[in-house]
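> So the protein sequences, as listed, match chains U and G. Here the numbering used here is used: position 137 in the first sequence is 137, and no number is missing along the way. Here the numbering used here is used: position 101 in the second sequence is 365, and no number is missing along the way.
No lab work stands behind these hints, which were simulated from the structure alone. None of these values were measured; they are calculated from a predicted model. From the three backbone atoms N, C-alpha and C, an ideal C-beta is built for every residue, glycine too. Treat the hints with care, since some could be wrong.
Stretch by stretch, here's where chain G covers chain U in the computed footprint (C-beta under 8 Å, at least three residues) [stated by the list, open to error]:
| id | stretch |
| --- | --- |
| 1 | 66 to 79 |
| 2 | 102 to 114 |
Calculated cross-link-like contacts (lysine-lysine; reagent style DSBU-like; alpha-carbon spacing at most 35 Å) [said to hold, decoys possible]:
| id | chain 1 | residue 1 | chain 2 | residue 2 |
| --- | --- | --- | --- | --- |
| 3 | G | Lys426 | U | Lys9 |
| 4 | G | Lys431 | U | Lys122 |
| 5 | G | Lys447 | G | Lys274 |
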Amino acid sequence: MITPYVEIKNVALKYGQDSSSLALDSLNISVHQGEFVAVVGPSGCGKSSLMKLVTGLQPVTNGSIVVGSQVVKSPLNFVGMAFQNSSLLPWRSVIENVLLPMEIVQPYAKNFKKNYSEYADKASALLKLVGLGGYENKLPWQLSGGMQQRVQLCRAVIHEPSLLMLDEPFGALDMFTREELWAILQDLWIVKKPTIILVTHDLREAVFLADRVLVMSSRPGKIIHELRISEGRPRHLKATYQKSSVDAIAELRECIQEARIVRS
Amino acid sequence: MQRYQSLLRKISPALVFIGFFLLWELFVKIFNIQEFILPAPTKVFESLYEFRGVIFQNSVQTLMTTLVGFLIAIVIGLMGGIVLGSSVIIYESFYPALIAFNSIPKVAFIPILVIWFGIGTIPAICTAFLLAFFPILVNVAAGIATVEPELRDVLRALGASKLQMIKKVGLPRSMPYFFASLKVALTVAFVGSIVSETVASNLGVGYLMLVASSRFQTSLAFACLIVTGALGIMLYLICALFEARMTRWTIRSNDSILFKE
Numbered sequence: 001m002i003t004p005y006v007e008i009k010n011v012a013l014k015y016g017q018d019s020s021s022l023a024l025d026s027l028n029i030s031v032h033q034g035e036f037v038a039v040v041g042p043s044g045c046g047k048s049s050l051m052k053l054v055t056g057l058q059p060v061t062n063g064s065i066v067v068g069s070q071v072v073k074s075p076l077n078f079v080g081m082a083f084q085n086s087s088l089l090p091w092r093s094v095i096e097n098v099l100l101p102m103e104i105v106q107p108y109a110k111n112f113k114k115n116y117s118e119y120a121d122k123a124s125a126l127l128k129l130v131g132l133g134g135y136e137n138k139l140p141w142q143l144s145g146g147m148q149q150r151v152q153l154c155r156a157v158i159h160e161p162s163l164l165m166l167d168e169p170f171g172a173l174d175m176f177t178r179e180e181l182w183a184i185l186q187d188l189w190i191v192k193k194p195t196i197i198l199v200t201h202d203l204r205e206a207v208f209l210a211d212r213v214l215v216m217s218s219r220p221g222k223i224i225h226e227l228r229i230s231e232g233r234p235r236h237l238k239a240t241y242q243k244s245s246v247d248a249i250a251e252l253r254e255c256i257q258e259a260r261i262v263r264s
Numbered sequence: 265m266q267r268y269q270s271l272l273r274k275i276s277p278a279l280v281f282i283g284f285f286l287l288w289e290l291f292v293k294i295f296n297i298q299e300f301i302l303p304a305p306t307k308v309f310e311s312l313y314e315f316r317g318v319i320f321q322n323s324v325q326t327l328m329t330t331l332v333g334f335l336i337a338i339v340i341g342l343m344g345g346i347v348l349g350s351s352v353i354i355y356e357s358f359y360p361a362l363i364a365f366n367s368i369p370k371v372a373f374i375p376i377l378v379i380w381f382g383i384g385t386i387p388a389i390c391t392a393f394l395l396a397f398f399p400i401l402v403n404v405a406a407g408i409a410t411v412e413p414e415l416r417d418v419l420r421a422l423g424a425s426k427l428q429m430i431k432k433v434g435l436p437r438s439m440p441y442f443f444a445s446l447k448v449a450l451t452v453a454f455v456g457s458i459v460s461e462t463v464a465s466n467l468g469v470g471y472l473m474l475v476a477s478s479r480f481q482t483s484l485a486f487a488c489l490i491v492t493g494a495l496g497i498m499l500y501l502i503c504a505l506f507e508a509r510m511t512r513w514t515i516r517s518n519d520s521i522l523f524k525e
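Use the sequences and the hints to build the structure in full.
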């Protein structure tokens, strides 16, 4: 048996001193190296808290989280993150935004000036991969929402993080842009094989992208269902309308529906 | 039509000034006001020319004290703002004291400054500084303290240090606030140095005005006011120029009312 890359054990999270407001309770998740896991659930179930816990931005109230062989206590610096809002730095051009991790994360940062052109080439190549070749020197506000999310994706992967945490990165986009970015994300994953945890409320997205879909209950959040998607790679968008995918989506939907009823 | 409008936009500030002086001139002429009460603009410009030597000498002094006080205020205001804005504890502990300090009329410091440094240049610089540093400090602190949590998370998730956080997010983000405060700080720096010169100096525009009024040379006093206004506009434009270069990212359209390329 291989030891999991991300191991979340019996984790509880509580905001503030009030004990009745547990955001997460007895949460157990393990993710293998190179695996693509999606987490879905009703809104307000603590999916975004999960992101903050795994990256170390938020300390756990109880339980433990191990990433690699390291117990998470403070922010990890080998994780790439992308959020629902593009969170690009508005004063930096597109390429400067993508290069941000290279200025901070070691071993890249200490040679940043010396290797600048090499890093810039890498950033340009990534931008080209997501269809933004030639946009290097634009400012974020000059791009559409979908373009900003692509830039964010490039920024999340440029330092080749072994773990990618994606918090509804396509949530604010229209369906066509979203589908386009799913394909791009799948390509990125196939090439670089990072471990990915994707939090989303789009079931088609989860079924299209992930090896495994986890369903969280409403507050306090814990995993109530797990679904393995055995469809081969690379997957095609049309496949999301095939029977196996439709069945998977229906199963997940039912599960979340129940979780919502329990809550009300 | 378009060309006519853009021409109008360019010369309209000058038209406002000319209109103002014309009305003033008319007002004096119609009501036949005596020169030592309110001199007509023509008289004011006449004495501006007549006393150009002494006015130049004194305005150089005022410009110098204002600029030195202003520059010190920028340095202290920026550094203080960074420290204040990046720590909640420091912010909360120092803020009441700063408010208290800022509530004291700075003119009240001048007699004390005179005891310490004598009359002349240094009290003027100090007063300019005391008035100018507060708006800079408060604005820079606000810019740094209000960094969006998402931006902070992005940096923290990369393992950025506190210093990197300030350098890469806090400072660039507070630049628009900083430049907005510079425009306020600059004008109050002028107020500071001129008031100080009026009370305790034998050089500078403030002193010259005091002398002029004691001799009932009202037109000379008005000439000094005009020179001060002109200096203010000049420095303001320099600030705006820097602002346009440093905070280009905040401007999202080509016909912004703030900057024109």
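> So, for every hint listed, does it hold in this structure?
Consistency of the hints with the structure:
1. Under a criterion of three residues with beta carbons nearer than 8 Å to beta carbons of chain G, the stated coverage of the stretch 66 to 79 of chain U is upheld, 4 such residues being counted.
2. Coverage of the stretch 102 to 114 of chain U by chain G holds in this model, with 3 residues showing a Cβ closer than 8 Å to a Cβ of that chain against a need of three.
3. For the proposed pair Lys426 of chain G and Lys9 of chain U, the alpha carbon gap of about 30 Å is at most 35 Å, so the pair holds.
4. At roughly 24 Å between alpha-carbon atoms, Lys431 of chain G and Lys122 of chain U fall within 35 Å of each other, so this suggested pair holds.
5. Annotation: proposed proximity of Lys447 of chain G to Lys274 of chain G holds, straight-line Cα distance about 22 Å (limit 35 Å).
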